[in-house]
Amino acid sequence: MLRRIRVGDPSAASHSPGAIPGTRRRDFLRQSALLASSALGVRAIAAPGSVSAPRSENLPPNTPRWMKVQGEPVVSAPYGVPSRYEADVIRRATNITPTLWSSWSFTPLQDLHGIITPNGLVFERHHAGTPDINPEEHRLMVHGLVSQPLIFTIEDLVRLPSISRIHFLECSGNGLTEWKAPKEKTVQGTHGLLSCCEWTGVPLSTILDEVGFKPQAKWILAEGADAAAMSRSIPIEKALDDALLIYAQNGEMLRPEQGYPLRLLLPGFEGNMSVKWLRRLKLGEKPFMTREETSKYTDLIGNGTARQFTFVMEAKSVITFPSGGHQLKKRGPYRISGLAWSGRGRIRRVDVSTDGGRNWREARLEEPILTKALVRFRLAWNWDGGPAVLQSRAIDETGYVQPTRDQIVAVRGTNSVYHYNAIQSWQITQNGEVNNVHA
Amino acid sequence: MFTRDRAIAKAILLLVAGSASLCWAAEKYGLGRVATPQEIAGWDIDVTPDGAGLPKGSGNVALGKTVYDSQCGGCHGTNGEGAAWDGKAIDRLVGGQGTLHTAAPVKTVGSYWPYATTLFSYIYATMPFQAPQSLSPDEVYAVTAYILYLNGIVGKDAVMNAKILPKTAMPNRPNFISPDPRPDVKSVACEKDCPGQR
Chain A
1 MLRRIRVGDP
11 SAASHSPGAI
21 PGTRRRDFLR
31 QSALLASSAL
41 GVRAIAAPGS
51 VSAPRSENLP
61 PNTPRWMKVQ
71 GEPVVSAPYG
81 VPSRYEADVI
91 RRATNITPTL
101 WSSWSFTPLQ
111 DLHGIITPNG
121 LVFERHHAGT
131 PDINPEEHRL
141 MVHGLVSQPL
151 IFTIEDLVRL
161 PSISRIHFLE
171 CSGNGLTEWK
181 APKEKTVQGT
191 HGLLSCCEWT
201 GVPLSTILDE
211 VGFKPQAKWI
221 LAEGADAAAM
231 SRSIPIEKAL
241 DDALLIYAQN
251 GEMLRPEQGY
261 PLRLLLPGFE
271 GNMSVKWLRR
281 LKLGEKPFMT
291 REETSKYTDL
301 IGNGTARQFT
311 FVMEAKSVIT
321 FPSGGHQLKK
331 RGPYRISGLA
341 WSGRGRIRRV
351 DVSTDGGRNW
361 REARLEEPIL
371 TKALVRFRLA
381 WNWDGGPAVL
391 QSRAIDETGY
401 VQPTRDQIVA
411 VRGTNSVYHY
421 NAIQSWQITQ
431 NGEVNNVHA
Chain B
1001 MFTRDRAIAK
1011 AILLLVAGSA
1021 SLCWAAEKYG
1031 LGRVATPQEI
1041 AGWDIDVTPD
1051 GAGLPKGSGN
1061 VALGKTVYDS
1071 QCGGCHGTNG
1081 EGAAWDGKAI
1091 DRLVGGQGTL
1101 HTAAPVKTVG
1111 SYWPYATTLF
1121 SYIYATMPFQ
1131 APQSLSPDEV
1141 YAVTAYILYL
1151 NGIVGKDAVM
1161 NAKILPKTAM
1171 PNRPNFISPD
1181 PRPDVKSVAC
1191 EKDCPGQR
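Line by line, the protein sequences are chains A and B. So for the first sequence, the working numbering puts the first residue at 1; every next one is plus one. So for the second sequence, the working numbering puts the first residue at 1001; every next one is plus one.
It is worth saying that the hints were derived from the structure and are not from the lab. Predicted model only: the values in this text are computed from it and were never measured. We put the beta carbon where it would ideally sit given N, CA and C, even for glycine. Careful, some of the hints might be misleading.
With a straight-line cut-off of 20 Å between C-alpha atoms, the simulated PhoX-like cross-links for lysine-lysine are [claimed, not checked]:
| id | chain 1 | residue 1 | chain 2 | residue 2 |
| --- | --- | --- | --- | --- |
| 1 | B | Lys1088 | A | Lys183 |
| 2 | A | Lys214 | B | Lys1028 |
| 3 | A | Lys329 | A | Lys185 |
| 4 | A | Lys238 | A | Lys214 |
| 5 | B | Lys1167 | B | Lys1056 |
| 6 | A | Lys238 | A | Lys286 |
| 7 | A | Lys286 | B | Lys1088 |
| 8 | A | Lys218 | A | Lys238 |
| 9 | B | Lys1088 | A | Lys296 |
| 10 | B | Lys1056 | B | Lys1163 |
| 11 | A | Lys296 | A | Lys286 |
| 12 | A | Lys214 | A | Lys286 |
Not everything, but these chain B residues come out facing chain A in the computed CB check (under 10 Å) [said to hold, decoys possible]:
| id | residue |
| --- | --- |
| 13 | Val1034 |
| 14 | Thr1102 |
| 15 | Lys1163 |
| 16 | Ala1169 |
| 17 | Ser1178 |
Only chain A is shown next, with the shape it has when bound in the complex (with noise of 0.2 Å):
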């Protein structure tokens, strides 16, 4: 349950163990030895040399081992896992919780090619832990303003018409470190509670109809099964225009993290209202100011007053090669790539530029370019050696210009925590290392 693995921290071994006051010492127990076997793991992670230097017995021009002997039989791994030699790309958790179950892991998009998340790299936030789910006992109470309250079972769930989308999730809080200074080290810190995957599941408007809601009903609360009862109410307008109640992600059944056996997705809006482990939507006149669109996913201005249901996740973009961590070894040719999204819709351009925002040129747009998807985009780009800062600026269909940190602190002060959506700047020093940097 404890993942003991948080970004910038190459030894997690010196945290001491997460339990809570009052939990039961079998648990604490339990969670030590975790702890203490996830130590080594972190190790082998830390070390970039976990993949030995090339062995010229195996290099041109001699056959190499791996052709003189058979390899492993089918289902030697029945569910597949990465290659050994990828260990190192694995979601790492932010160090500033005081507990993992109220917690968030980071995507690490600068080992990610194309736009889809695999399933198992999907940023993480739970804010009760993972609940164990049989989704044989899960159930979806639809009830409130509405002709016929009704209970589905996932099997009633799955025969209704279905759909599959590739849309981007992003936690409203990604880059809440930077608002201040440049934090975090690697664009997995800054960038990774973004994620983007096909979803498969049933328009929310089908079962709104199957349940006939009000005239009256303006709001749905939507709650999830975990032991936060996660809810935020979502206004009607959403759920009857791109709403889905998803059962899948990439193919196969969503992974318990990701809300199994059933979670809402929002297309565009913060990855919070897109509720995990859904069991409940209730219609009601009124928006019905839960914990989470109070007194969290609100956002303080600078003045002291704070915005409320700022659902919308802004144009975004930023380079994932090279980024915070990364050493580019020698001068020349190399290729600037990167992702950039939009919640209002459809991402028209996105520009480049190498020297800290003077100069910039439109970066090749890879299709498919999709509503409220992440996009790769790359950028030829010959290092010459000198330092440099490269940054990237996306633009959406409705013309909205990805802005910079000093914009938006100008109109928002510093104190907002969500939705900080600046142009990132990854500063190149003369001997190819890549920093965070506010250039």
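Put chain B on the given structure of chain A with help from the hints.
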């Protein structure tokens, strides 16, 4: 509102049980089954600012202190001032008034939360962290009263119940703004010889 909904649900239940169910199936997919009032009552745990959803019961500040000391103080501090766990702060519940516009805002129940009903609702559904949904309605009313008392929002003799709680005004309520004013940050895509972007 709650009882009215139940009455409607009952009426529809009777309709569906009769011949109308055939029409229903013809117009819709007809999947899922009717949720009974008892099933809904068991799961309908939310509480809204108008007090809908609040259970029967009551509790005072004195009982609240007893509940708090045994169930809450370990994480939230003896007097709601927060505690550190693994070197990181756990949510502070008390204080912070007057800090929201400063460089170091302290968001607590007293300084930030806009509705007292949310406090009850959240505790009732999710606390204490080590045993969610283990407190009785009386205990939740009491500990709600105690946290409001620690914040100077109610007096030390205060009692909380389904009538008083929705009428308890929270000081920061007027400072919440909606609808969303974004896009609020306007930028232009300068391309050549720009001033440099920070």
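Verification of the supplied hints:
1. B:Lys1088 with A:Lys183: holds, 17 Å
2. A:Lys214 with B:Lys1028: holds, 16 Å
3. A:Lys329 with A:Lys185: holds, 19 Å
4. A:Lys238 with A:Lys214: holds, 16 Å
5. B:Lys1167 with B:Lys1056: holds, 16 Å
6. A:Lys238 with A:Lys286: holds, 15 Å
7. A:Lys286 with B:Lys1088: Given that 20 Å is the threshold and the Cα spacing comes to 36 Å, the pair is violated.
8. A:Lys218 with A:Lys238: holds, 10 Å
9. B:Lys1088 with A:Lys296: Satisfied, since the Cα-Cα distance of roughly 18 Å is no more than 20 Å.
10. B:Lys1056 with B:Lys1163: Since the Cα atoms of B:Lys1056 and B:Lys1163 sit roughly 10 Å apart, the hinted pair holds (cutoff 20 Å).
11. A:Lys296 with A:Lys286: holds, 19 Å
12. A:Lys214 with A:Lys286: Holds, at roughly 13 Å.
13. Val1034: The hint holds - B:Val1034 has a Cβ within 10 Å of chain A, the shortest such distance being about 6 Å.
14. Thr1102: Check passed: Cβ of B:Thr1102 comes within 8 Å of chain A, closer than 10 Å.
15. Lys1163: violated, 18 Å
16. Ala1169: violated, 14 Å
17. Ser1178: Hint holds; B:Ser1178 Cβ to chain A Cβ min 4 Å, cut 10 Å.
The earlier numbered hints that this structure contradicts are 7, 15 and 16.
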